[in-house]
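**Q** Each chain, letter by letter, is given below.
2 protein chains.
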Amino acid sequence: MVESLQDYLTSEQQRVNSYVLELLEKDAMLPPSLSESVLYSMRAGGKRLRPILMQAAYESFGGQGEKALPVAAALEMVHTYSLIHDDLPAMDNDDYRRGQPTNHKKFGEATAILAGDALLTRSFSVIGQAKELQPEEKVYLMTYLSEAAGSAGMIAGQSLDMEAEDKESTLQELEQIHNLKTGKLLTYAIVAGAYCAGAGDETLELMKKFGKYIGLIFQVQDDILDVTGDAAVIGKPVGSDEGNNKSTYPKLLGLDGAKTQMNKYVELAHQCLLEANIEASRLQELTVYLSKRTS
Amino acid sequence: MVESLQDYLTSEQQRVNSYVLELLEKDAMLPPSLSESVLYSMRAGGKRLRPILMQAAYESFGGQGEKALPVAAALEMVHTYSLIHDDLPAMDNDDYRRGQPTNHKKFGEATAILAGDALLTRSFSVIGQAKELQPEEKVYLMTYLSEAAGSAGMIAGQSLDMEAEDKESTLQELEQIHNLKTGKLLTYAIVAGAYCAGAGDETLELMKKFGKYIGLIFQVQDDILDVTGDAAVIGKPVGSDEGNNKSTYPKLLGLDGAKTQMNKYVELAHQCLLEANIEASRLQELTVYLSKRTS
Chain F
1 MVESLQDYLT
11 SEQQRVNSYV
21 LELLEKDAML
31 PPSLSESVLY
41 SMRAGGKRLR
51 PILMQAAYES
61 FGGQGEKALP
71 VAAALEMVHT
81 YSLIHDDLPA
91 MDNDDYRRGQ
101 PTNHKKFGEA
111 TAILAGDALL
121 TRSFSVIGQA
131 KELQPEEKVY
141 LMTYLSEAAG
151 SAGMIAGQSL
161 DMEAEDKEST
171 LQELEQIHNL
181 KTGKLLTYAI
191 VAGAYCAGAG
201 DETLELMKKF
211 GKYIGLIFQV
221 QDDILDVTGD
231 AAVIGKPVGS
241 DEGNNKSTYP
251 KLLGLDGAKT
261 QMNKYVELAH
271 QCLLEANIEA
281 SRLQELTVYL
291 SKRTS
Chain Y
1 MVESLQDYLT
11 SEQQRVNSYV
21 LELLEKDAML
31 PPSLSESVLY
41 SMRAGGKRLR
51 PILMQAAYES
61 FGGQGEKALP
71 VAAALEMVHT
81 YSLIHDDLPA
91 MDNDDYRRGQ
101 PTNHKKFGEA
111 TAILAGDALL
121 TRSFSVIGQA
131 KELQPEEKVY
141 LMTYLSEAAG
151 SAGMIAGQSL
161 DMEAEDKEST
171 LQELEQIHNL
181 KTGKLLTYAI
191 VAGAYCAGAG
201 DETLELMKKF
211 GKYIGLIFQV
221 QDDILDVTGD
231 AAVIGKPVGS
241 DEGNNKSTYP
251 KLLGLDGAKT
261 QMNKYVELAH
271 QCLLEANIEA
281 SRLQELTVYL
291 SKRTS
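Order-wise, the sequence lines are chains F and Y.
Its first residue numbered 1, the first sequence is counted upward by one per residue in my numbering.
Its first residue numbered 1, the second sequence is counted upward by one per residue in my numbering.
Hints are computed from structural coordinates only; laboratory data are not their basis.
Possibly wrong hints are sitting among the right ones.
No copy is singled out in the list; a pair is fine if it fits within one copy or between any two copies.
[Said to hold, decoys possible] Dumping the calculated DSS-like pairs for lysine-lysine here, alpha-carbon to alpha-carbon at most 27 Å:
| # | residue 1 | residue 2 |
| --- | --- | --- |
| 1 | K251 | K131 |
| 2 | K208 | K26 |
| 3 | K167 | K106 |
| 4 | K105 | K251 |
| 5 | K208 | K131 |
| 6 | K131 | K106 |
| 7 | K259 | K106 |
| 8 | K259 | K167 |
| 9 | K26 | K131 |
Work the whole structure out from these sequences, hints included.
**A** Here it is, written out as structure tokens:
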């Protein structure tokens, strides 16, 4: 019997959580405060969207077992480091994340910077030490992770995003920021999953395109939820994006325009899956899920 | 004719500088301010001690050509990232480094944090993309870099060092901090160089021991120079270590005791080279050089 999507999400979350926490709890980190700080942010939860997408891509191309799991764990560690650093006073200056004090509010700025550095650094050896991967696979996955997370990827996105504050961005500029800041790691999830299952170059290219659309779907829905989410009053801005001068899809296109734009991305994403012959896969289910999520 | 040590230091500095700057200048970093910030710190100079030690170890075990150069560049990028983050207000709060404003004084804290993150992230793909290394070699060198730089290595050292501020440390605690904070990356330089030249496991273990002594020699001489350096008045503290409550070798052992301790390390380092049959190598010359350096 095929697991329901909700059960799948829950079981994949649990699987990656167990793996990554067990791994980090075993690490001989010094001093104890650094270890506590790293574990605090890893334990804080979150959707584990990137590991779930990676496993779904892995399975969609016939992968079985836990080969992709260390790579998924490494990716979630990179994502977590980026949240710790983005929350810092010099960056977004956030006091809370997921209802808990941010890492630097709890452990101080110095430890938060080092905890982020530690997670980023550790992510590479998690892949390097993976038992089921061949050396060439490890090199591909580590090198690509460095590129996706680096100064032409996620770091560029965060840097551009900060420069864009209090400025009106065009739709093109907005998409560039999202493609870099969230799209590159989401794409990594999809491509790495397909790669671990043995997908060829042509398929990986299709998955790069698919990952980009997934990133955009994720972001447009984020912006839409900021307007319609909690109060559920369509067309009446209630969210935090309005207050600051951040460009969003609803601001640039109107709420209906944003929804139309998202449907276009959903269609384009589906097209990629069709071309890759996996149109009825878990990835298609996740595409629809992401476009309709309410939190 | 064998190059003099001074010529060797200069030519190796130039070689790694050209390589790393050309590589980073070609990178498509966004936005320009991030690129400028990364290049600013990489161009700020420094002794390039780690790349020099790596190349010397490589040559001492018969290595020829540029096989180790990308690894040396990656290591120097990791070292540079650590300086940028260590200088931050939340950490050591330094305004100047090598006579220039620190990265965050010049570009702001947010960009400095991201520039450090970018250098750390990029270092792994520099090794991953190296032309002369085999996949298994890349995996070894990337995984080991992650371990040496991570939360059981350099990051642990920086974290312990901050916790030790304004506290009296024992000699044992002091050595632990130095072994982690500077020793791990210096050891990486030696071991990675030997590894690139094809050294076997037993030799690599000897080089790990040698690297540890090199790290300690470096640090004791640092502490001694802080006392005797500029004013050249032996036994009369003139340096910055006295002002803050940092533990140093001269404080714990007296100046003569610190010198005796260093000579012991020099002897132990030499013993490792003897056992590895490279007692007359560039590494021996560098050991003596580091124990007698005046800057």
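**Q** Now look at each hint and say whether the structure bears it out.
**A** Taking the hints in turn, this is what the structure says about them:
In this homomeric assembly, K251 and K131 never come within 27 Å of each other (Cα to Cα): the closest approach is 48 Å inside a single copy and 48 Å across copies. Taking the closest pair of Cα atoms, K208 and K26 come within 27 Å of each other only across two copies (23 Å); inside a single copy the shortest separation is 34 Å, beyond that limit. In this assembly of identical chains, K167 and K106 lie within 27 Å of each other by CA distance solely across copies; the values are 23 Å between and 32 Å within a copy. Proximity of K105 and K251 under a CA criterion of 27 Å is satisfied in neither setting, with 32 Å inside one chain copy and 35 Å between copies.
Proximity of K208 and K131 under a CA criterion of 27 Å is satisfied in both settings, with 26 Å inside one chain copy and 25 Å between copies. Within a single copy, K131 and K106 get their C-alpha atoms no closer than 35 Å, and across copies no closer than 44 Å, so neither meets the 27 Å cut-off. When the C-alpha separation of K259 and K106 is checked against a cutoff of 27 Å, the pair qualifies neither within a copy, at 38 Å, nor between copies, at 42 Å. In this homomeric assembly, K259 and K167 come within 27 Å of each other (Cα to Cα) only inside a single copy, at 23 Å, whereas the closest approach across copies is 59 Å.
In this homomeric assembly, K26 and K131 come within 27 Å of each other (Cα to Cα) only inside a single copy, at 17 Å, whereas the closest approach across copies is 35 Å.
Hints 1, 4, 6, 7 from the earlier list are contradicted by this structure; the remaining hints agree with it.
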